[in-house]
Amino acid sequence: MGNQNSEKTIQTNALPTIQGCGIGLRLEHFDEIKEQKPDIPWFEILSDNYLIEGTSQREYLYKFREDYPVTFHGVGLSIGSTDPLNMDFLKSLKKLKDEVQPAWISDHLCWTSAHGVVTHDLIPLPYTKSVITHIVDRIKQVQDYLGEQIVIENVSSYLQFKDSEMKEWDFINEVTRKSDCKLLLDVNNIYVSSQNHLFDADEYLYAMPQERIAEMHLAGYEDHGTHLLDTHSRPVTDPVWDLFTKAVEHFGDVPVLIEWDSDIPSLQRVMEEANKAKAIQQKVLPLCA
Amino acid sequence: MNLEELQQDFISAIFEKNNSTAAKHVTGDDRLTAEQRLGIYRGSVHGILTSSLGVTFPVTKSLVGEKFFDHMCDVFIDKYPPTSPFFVKYGGAFSEFLEQFEPAKSISYLSDVAALEWARHQVWHEVILESVDFSEMASLTEEEQATVWFELKQSLRLIESGYRIDLIWFAHQDGSEIKLEDVNIDEGVQLLIWKGTDGIKITQLDTNYQDYWDFLTAISEKNNITQLAGKFGEHLPSHLNRCIQEGWIKSFNRN
Ligand SMILES: [Fe+2]
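Order-wise, the sequence lines are chains A and B. Each residue of the first sequence is one higher than the one before, counting from 24 in this note's numbering. Each residue of the second sequence is one higher than the one before, counting from 115 in this note's numbering.
Fair warning: there could be bad hints in the mix.
If you want a taste of the chain B side facing chain A, the calculated C-beta under 8 angstroms gives, among others [stated by the list, open to error]: (1) 139; (2) 163; (3) 200; (4) 201; (5) 241.
27 angstroms max Cα-Cα, derived BS3-like pairs, lysine-lysine [unchecked claim]: (6) B/193 - B/219; (7) A/114 - B/267; (8) A/118 - B/203; (9) A/185 - B/138; (10) A/86 - B/267.
What the hints contain is simulated information worked out from the structure, not anything from laboratory work. Glycine included, C-beta positions come from ideal geometry on N, C-alpha and C.
Between the sequences and the hints, there should be enough to build the whole structure, so can you do that?
Following this line, the structure appears as C-alpha cells:
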C-alpha cells in the first residue's frame with residue numbers, strides 16, 4: 024500500500040567525484056538550476072532540510088542528483104553535546120545518504136543542542152582533553168553507524184571559555200586524528216575567529232592536518248565593529264581571499280565551496296564567487312605542481 | 115570543568131535574559147564583556163528562529179508588522195525553545211501562544227490565522243500517500259463491511275474558526291483580488307487544508323461541502339460504517355464516494 028516504503032533508485036555513478044569549486048544548493052535557486060543546468064561541478068546540500076521523506080523538497084533532490092554530484096552538510100548532529108546522540112536524526116540521515124549517495128557527510132565541531140533544547144546555532148566548545156575524549160567517542164559512534172568517515176568543520180566563534188587548555192588548532196588536530204575523521208576547513212571561519220579572539224590566522228591555517236582536509240568553505244561575514252559575525256550573507260572579503268590563496272598554496276587542490284545563506288543573491292552572483300575561487304586555484308596550483 | 119553544566123548554563127543564557135551564570139565560564143576583554151559575548155549567541159539564535167517563524171507564518175507577520183512580529187517571536191522563543199533538530203517542527207505552539215499573548219489580543223483572529231498557517235506548513239511537509247484500492251471492500255461480507263473504519267491521509271488537516279481566516283489568508287497572497295475591507299470576517303468557517311498533486315489547498319467545508327466537516331471529523335475519530343450510517347443515513351454512500359474521489363481517505367481497516 025502506498026509508495027512510502029519503496030526503495031529509491033537514482034541514476035548516478037556510485038561514488039561521485041568532487042572537484043573544483045561548488046556552491047551550496049538553496050531553495051531560491053531550485054527552478055533556475057532545473058531549467059538551465061548550469062555548469063557547476065558539485066553542490067552541497069543542507070541535509071537537515073531533506074530528512075523528511077515524501078516532501079516536495081526531497082523529490083526535487085532525487086531529480087537534482089541525477090544531474091549533479093552532491094555533498095551533505097548538516098547542523099543537527101550536535102557532536103559536542105552532552106545529550107545522547109539523537110538516533111532518530113541519525114537514522115533519517117542514513118536513509119537519505121543511502122538514497123542520494125553523497126560524496127561525504129559533514130557537520131560542525133561544536134554543539135547545537137543540550138538538555139533537550141535545540142538552538143539550531145553553532146556553539147563552540149571548551150578546548151580541553153576531556154572534551155576531546157567526549158567528542159572523539161561520539162564521532163566514532165556516528166562513523167560506525169553511518170559506515171563511513173565523516174567530515175567535521177571548524178566553526179566561527181564569538182567567545183572563548185576560561186577552561187580551555189589548548190589552542191583551537193591543537194584541539195582540531197587531536198579530535199580529527201583520534202577519531203580518524205576528515206576535516207572541512209572553513210577559511211572564512213578561521214579569519215572571523217582570528218579577528219574576534221586576536222590570534223594569527225596564518226598560524227591556525229598552517230597548523231591544519233593537510234592529509235585530513237576533504238573540503239574548504241568560503242563565505243562572507245558582517246562587521247559589527249566589536250566583532251565579526253559569520254552570517255553567510257555577503258561576498259567573500261579580501262582578507263579571506265588572501266587566506267584562501269595561502270590555503271591553496273599550502274594544501275594544494277582541495278574542493279572548495281561557496282556558502283551563501285541569507286540575503287541570497289542570484290545564482291549568477293554566487294557562481295561569480297565560485298569562479299573567483301577557481302581563478303585563484305588555477306593561478307596558484309601550477310606553481311605548486 | 116563540567117561540560118554538561120556549562121551547556122546547561124549556556125542554554126539558560128540563550129533562552130532566558132539572565133546570563134550571569136553562564137558568564138562565569140566565558141572570557142571577557144576590553145572590547146566585549148563575557149555577558150556581551152553571550153549576548154551575541156542569544157541574538158544569533160533568536161535571529162535564526164525568528165526568521166524561520168517568519169517563513170512559516172508570513173500572513174501572521176504581515177498582520178502585525180515586522181517589528182511587533184519580532185517582539186512576539188522573542189517572547190515565544192524563550193517560552194517555547196525548539197526541542198527537535200528537524201527545523202520544520204518548530205512553531206507548533208505559536209498559535210496557542212498568541213491566543214494567550216496579551217499585547218496581541220486586539221487582533222482577535224491572529225491566533226487562528228497562525229493555526230491555519232501552521233496547518234499549511236505541516237501539510238506541506240507530509241508525504242502524499244497513495245490510496246488503497248477501495249473496490250476491494252466489495253469482497254468483504256456484509257458483516258465484515260459493517261465494522262470497516264477509514265483512515266484519513268496525513269496530508270490533511272481540519273481547522274475551525276470564528277473568523278473568515280481563509281479570506282484573511284487569501285487577501286494576503288500576491289495578486290489576490292480579495293480586499294479585507296470588503297468582506298465580513300466575523301463569520302465562522304470550517305476548513306480542510308490538504309495537499310493535492312498541484313499544491314496545498316484550503317477548502318471551505320461549510321458551503322461547498324455541506325456536512326463534510328462532521329463526516330471527516332467522524333472518520334478521523336475512527337467511526338465505523340455502522341456508526342457513520344447512523345449519523346449520515348442515506349448520504350453515507352455519496353459522502354464516502356466524494357471523499358475517496360478527492361483523495362482524502364487513505365485506507366480502510368477492520369478490527
Ligand atoms: Fe562553513
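Hint by hint, here is what the structure shows:
{"no.": "1", "hint": "139", "result": "holds, 5 angstroms"}
{"no.": "2", "hint": "163", "result": "holds, 7 angstroms"}
{"no.": "3", "hint": "200", "result": "holds, 6 angstroms"}
{"no.": "4", "hint": "201", "result": "holds, 6 angstroms"}
{"no.": "5", "hint": "241", "result": "holds, 3 angstroms"}
{"no.": "6", "hint": "B/193 - B/219", "result": "holds, 18 angstroms"}
{"no.": "7", "hint": "A/114 - B/267", "result": "holds, 24 angstroms"}
{"no.": "8", "hint": "A/118 - B/203", "result": "holds, 19 angstroms"}
{"no.": "9", "hint": "A/185 - B/138", "result": "holds, 8 angstroms"}
{"no.": "10", "hint": "A/86 - B/267", "result": "holds, 25 angstroms"}
Violated hints for the displayed structure: none, as all numbered hints are satisfied.
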